[in-house]
Amino acid sequence: MVLILVLIPAVIGGVAFLVRNDPLRRAMLVATAVTHAGLTAACWVHRPAATAGGWLVLDAAGLLFLSITSALFLAAAVYAVAYLRREHDHVTRDAVEGFLFSNAPEATFTGCLLLFLAAMTLVTLSQHVGLLWVAVEATTLASAPLIYFHRHHRSLEATWKYLLICSVGIALALLGNFFLAVAAGSTPLVFGELVARAGQLNVPWLKAAFLLVLVGYGTKMGLAPLHTWLPDAHSESPPVISALLSGALLNCAFLGIIRMQQVCAAGGLGDFSRTLLVGFGLISMAVSAVFIVGQTDFKRLLAYSSVEHMGILALGVGLGGAGVFGAMLHAVNHSLTKAMLFLVAGNILGAYGTKSAADVQGALRVLPVSGVLWVAGLLAITGSPPFGLFLSEFTILKAALDAGRIGVAVTYLALLAVIFVGMATIMLRMAQGVSLRIAPRRESWTAVVPPAALATVVLVLGIYLPGQLTHLLRETAHLLGDL
Amino acid sequence: MTLNVILILVVLINLRVLGASRIEASVRIVALQGILLGLLAVLEHYGDLTVSVWMVAVGGAVLKGVVFPWLLLRAVRSTDVKREFEPFVGPIASLLFGVAALGVSFSLARRLPLPQAAHSSLLVAVALFSILVGLFLIVARKKAISQVLGFLVMENGIYTFGVGLVRQSPLLVELGVMLDVFVAVFVMGIALFHISREFDHINTQELTTLKD
Amino acid sequence: MLGVINRTKAWFAGRCGQPLLQAYYDLYKLLAKGAVYSRTTTWVFRAGPMVGLSAVLVGMTLVPLGGKPAPLAFAGDFILLAYLLGLMRFFTVAAALDTGSSFEAMGASREVTFSALAEPALLLGLAVVARQTGRFSLSGMYGGMALETWRQAGPVLALVAAALMVVLLSENARLPIDDPNTHLELTMIHEVMVLDHSGPDLAFIFYGSALKLWVFAALLVGLVLPLRTGHAWLDVGAALGGIFAVAVAVGAVESCMARLRLVRVPQLLVGAAALVALALILTLR
Chain A
1 MVLILVLIPA
11 VIGGVAFLVR
21 NDPLRRAMLV
31 ATAVTHAGLT
41 AACWVHRPAA
51 TAGGWLVLDA
61 AGLLFLSITS
71 ALFLAAAVYA
81 VAYLRREHDH
91 VTRDAVEGFL
101 FSNAPEATFT
111 GCLLLFLAAM
121 TLVTLSQHVG
131 LLWVAVEATT
141 LASAPLIYFH
151 RHHRSLEATW
161 KYLLICSVGI
171 ALALLGNFFL
181 AVAAGSTPLV
191 FGELVARAGQ
201 LNVPWLKAAF
211 LLVLVGYGTK
221 MGLAPLHTWL
231 PDAHSESPPV
241 ISALLSGALL
251 NCAFLGIIRM
261 QQVCAAGGLG
271 DFSRTLLVGF
281 GLISMAVSAV
291 FIVGQTDFKR
301 LLAYSSVEHM
311 GILALGVGLG
321 GAGVFGAMLH
331 AVNHSLTKAM
341 LFLVAGNILG
351 AYGTKSAADV
361 QGALRVLPVS
371 GVLWVAGLLA
381 ITGSPPFGLF
391 LSEFTILKAA
401 LDAGRIGVAV
411 TYLALLAVIF
421 VGMATIMLRM
431 AQGVSLRIAP
441 RRESWTAVVP
451 PAALATVVLV
461 LGIYLPGQLT
471 HLLRETAHLL
481 GDL
Chain B
484 MTLNVILILV
494 VLINLRVLGA
504 SRIEASVRIV
514 ALQGILLGLL
524 AVLEHYGDLT
534 VSVWMVAVGG
544 AVLKGVVFPW
554 LLLRAVRSTD
564 VKREFEPFVG
574 PIASLLFGVA
584 ALGVSFSLAR
594 RLPLPQAAHS
604 SLLVAVALFS
614 ILVGLFLIVA
624 RKKAISQVLG
634 FLVMENGIYT
644 FGVGLVRQSP
654 LLVELGVMLD
664 VFVAVFVMGI
674 ALFHISREFD
684 HINTQELTTL
694 KD
Chain C
696 MLGVINRTKA
706 WFAGRCGQPL
716 LQAYYDLYKL
726 LAKGAVYSRT
736 TTWVFRAGPM
746 VGLSAVLVGM
756 TLVPLGGKPA
766 PLAFAGDFIL
776 LAYLLGLMRF
786 FTVAAALDTG
796 SSFEAMGASR
806 EVTFSALAEP
816 ALLLGLAVVA
826 RQTGRFSLSG
836 MYGGMALETW
846 RQAGPVLALV
856 AAALMVVLLS
866 ENARLPIDDP
876 NTHLELTMIH
886 EVMVLDHSGP
896 DLAFIFYGSA
906 LKLWVFAALL
916 VGLVLPLRTG
926 HAWLDVGAAL
936 GGIFAVAVAV
946 GAVESCMARL
956 RLVRVPQLLV
966 GAAALVALAL
976 ILTLR
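Protein chains in written order, with the working numbering: chain A, 1 to 483; chain B, 484 to 695; chain C, 696 to 980.
Be aware that one or more of the hints could be misleading.
As the list claims (entries may be wrong) - Derived DSBU-like pairs: lysine-lysine, alpha-carbon spacing no greater than 35 Å straight-line:
1) C/Lys704 <-> C/Lys724
2) A/Lys398 <-> B/Lys625
3) B/Lys694 <-> A/Lys355
Stated by the list, open to error - Partial list, computed: chain B residues near chain A (C-beta under 8 Å):
4) Glu507
5) Leu597
6) Phe634
What the hints contain is simulated information worked out from the structure, not anything from laboratory work. The beta carbon of each residue, even a glycine, is placed where N, CA and C say it ideally should be.
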């Protein structure tokens, strides 16, 4: 049953490469997204059993991240239909440099997109260390052609950097897996077993393994200083892909890290792993703050914001206790918000034709719904109430104060404030004012409904956490060892 | 004893790649390294040769020794670039770095004693050395193809480590890893082709438009 | 040895070649001639060849052959050997500089650069052998070498042997580092330094370089062919055979390879040093 979640997108993705009829292919995309979301919802009601000898298990953490991925993919698929119809077989003039470029064949795009979904699903399901690695590398390989959708030199540069840096990082994670295998001795490399028999693990090798896995998957996740591919890849790819990369893929890499952290904590190295996570978290926030202030490109702005939030996630898990709960809640909130922001950014880009924030003015008048969503997104992503991110960031702050780590809490607050100021300056200036060049226009419902839906969910999560979600989050936090 | 000889040959190949200046020769010699590692896999498990071990070893050797050089040489030839590396760090400095990396990897290997004894005491050191050389090649060379070569050398180092130590790695995972590396190199080859078509060269030093 | 080298090269080229003892005929001819000294030279120029020859003759007394101890042996004598060869090189270079001609100075600078890179390879290589056998004098080292040493530490010794071969080619100005037959300005290294010497001086230099070749070949043969049957004449005979083989190998290399570009020579020498460094790390581990 669990395997179907992976097989359906994989098979249909393969078929999509061969289908020639564009509307049929887009219908297949949306249908797969709906099916996948439906199956995921079914898993909420009735958790499926383990398969493949314990290698594919949908535990609490897996279900959480799977739901995020599925929901985002549904929104992205609906948005993508109109986007593909617009961008299809188009020779466009580049806004920044003025040359002409074309787009990749739509079949490649759709096929790779579905394979990407399959790979991410596999990541959330894997309980075996090696299988997790294979799935994460598969996501890199499936998403590289997606970044290169607009065929020009900037996106090629972004794709090359993404491919190389992430492959090197993931290769280091493979070495970490081997170190873990040495540490484990005869214990099978399934996370459940490793946690159960953590006392027998060889400590120096486990330490080295954690460090390598953190660096390796951290590269994929976007932790500074390994994040250098992130702004380029997320800004040059189409908005649909940026949304999925920021919202779903970074989470999958994070899942790899926290499963490893689970093993470490059980093996007695909890302090070591948590210190590293807090360190990386704060560094990511600091680096992103530096680059957000004075950023000229609004998509890069959103990308650096992703780096910041990944830092917050690492910080939350590193603090332990209630921080883990906060981090899991934050993962949900951030993914939904960032995806919404990227989709809205796509709308703005489509209307204004430029990625430079200085050239965009009066979005509230030109694109009414998108403009409102843009401002709402700003408030959400910087952690203002009543949006959900306020709750999660507050929980992490409280965890820091409860643990007595005043320095960490003060740094955290200071960086959040800096980022708020930086982002607000840029994004509000884009929304307000009057645009002299672009006339107000109607927006198609497929371009507006997905981001609006996501924004509504984030708003609701800020006010009321459904019982089932709280239960799942708490279960995940327990699984990850919040002591 | 033969294991030691193979491992020393691997080290020599790494040194050769560090000091090399022609692309095609380097690609071929990294392919040779891949074949040697396949041989290493067979010899390491000499006691209990099962079908899965044979498959992994032979599959790996064929992949690295035949398929990858074919892909990469095809990419290089189609790009019509100058056939020499243009390094940031020259051959002599690279060789000196290689010697330093050798010292570092041997001293690190002594700090990481293996719980289960491997057949050769050089294994961890040579694996770490290959990884360091691979990382250096990625950083210190201008051409994109040399970055792919560095990635391959790094993967060879990780494979060396895996071969010697992890005896119970399930077949499926090994095959999955090989498949992933194959697809990675394949995708990188396609990207190289696109880069050369787009830029008329494959100097990654020129890929600096995107920055803050 | 020179005769064998030249004969091998001739055989590769399909020629008949010089008589094997041609070198001695050349020496006799040169000794009979008178020397011509330029007016710009000083005593250094006159002393150079003599000091060089005497240095290498002293060095020869340190080198063992066929497992038999050398006439002179004490701990650390391999360092003395390296310095004696260095002394010879220094005086050749000084004599070249003394002529005041930039032509010779160019050759001198090249020679010095290459020797600076080759010397670590030589010394470290000998250090590896010393560590392997546990003795510190050349006679002890080579006396302690046996076929078991090769079985134990084969790869290490193979690396040292390869590096020693490269050093041999470099120090004796053989292809692919320097062509002994060329007289073109851009390509000479050793030849150009001795351009101004004549008569007996040239004879001394010629004989000195031939002896230097013997020294290196003996070091190499002692490493590669550690035959210790216990019969003196068999061991020495095998060693002589080995030296003959080295000469043939040098001739073969000279015939098959072209001279390397000058920028590549340091890379080759550093490569040899890297091989020796690897051997050293392996023995120290």
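Each hint, compared with the structure:
Restraint check: the Cα-Cα separation between C/Lys704 and C/Lys724 comes to about 23 Å, which is no more than 35 Å; the hinted pair holds. Restraint check for A/Lys398 and B/Lys625: not satisfied, since their Cα atoms lie roughly 48 Å apart, outside the 35 Å limit. Proposed proximity of B/Lys694 and A/Lys355 is supported: the alpha carbons are some 14 Å apart, at most 35 Å. Annotation: interface hint on B/Glu507 violated; nearest CB of chain A at approximately 21 Å, more than 8 Å.
With a cut of 8 Å, the hint placing B/Leu597 at the interface with chain A holds, because the nearest CB-to-CB distance is about 7 Å. Below 8 Å, beta-carbon pairs count as interface contacts, and B/Phe634 has one with chain A at about 6 Å; its hint therefore holds.
Figure legend: structure checked against the earlier numbered hints; hints not met, in rising order: 2, 4.
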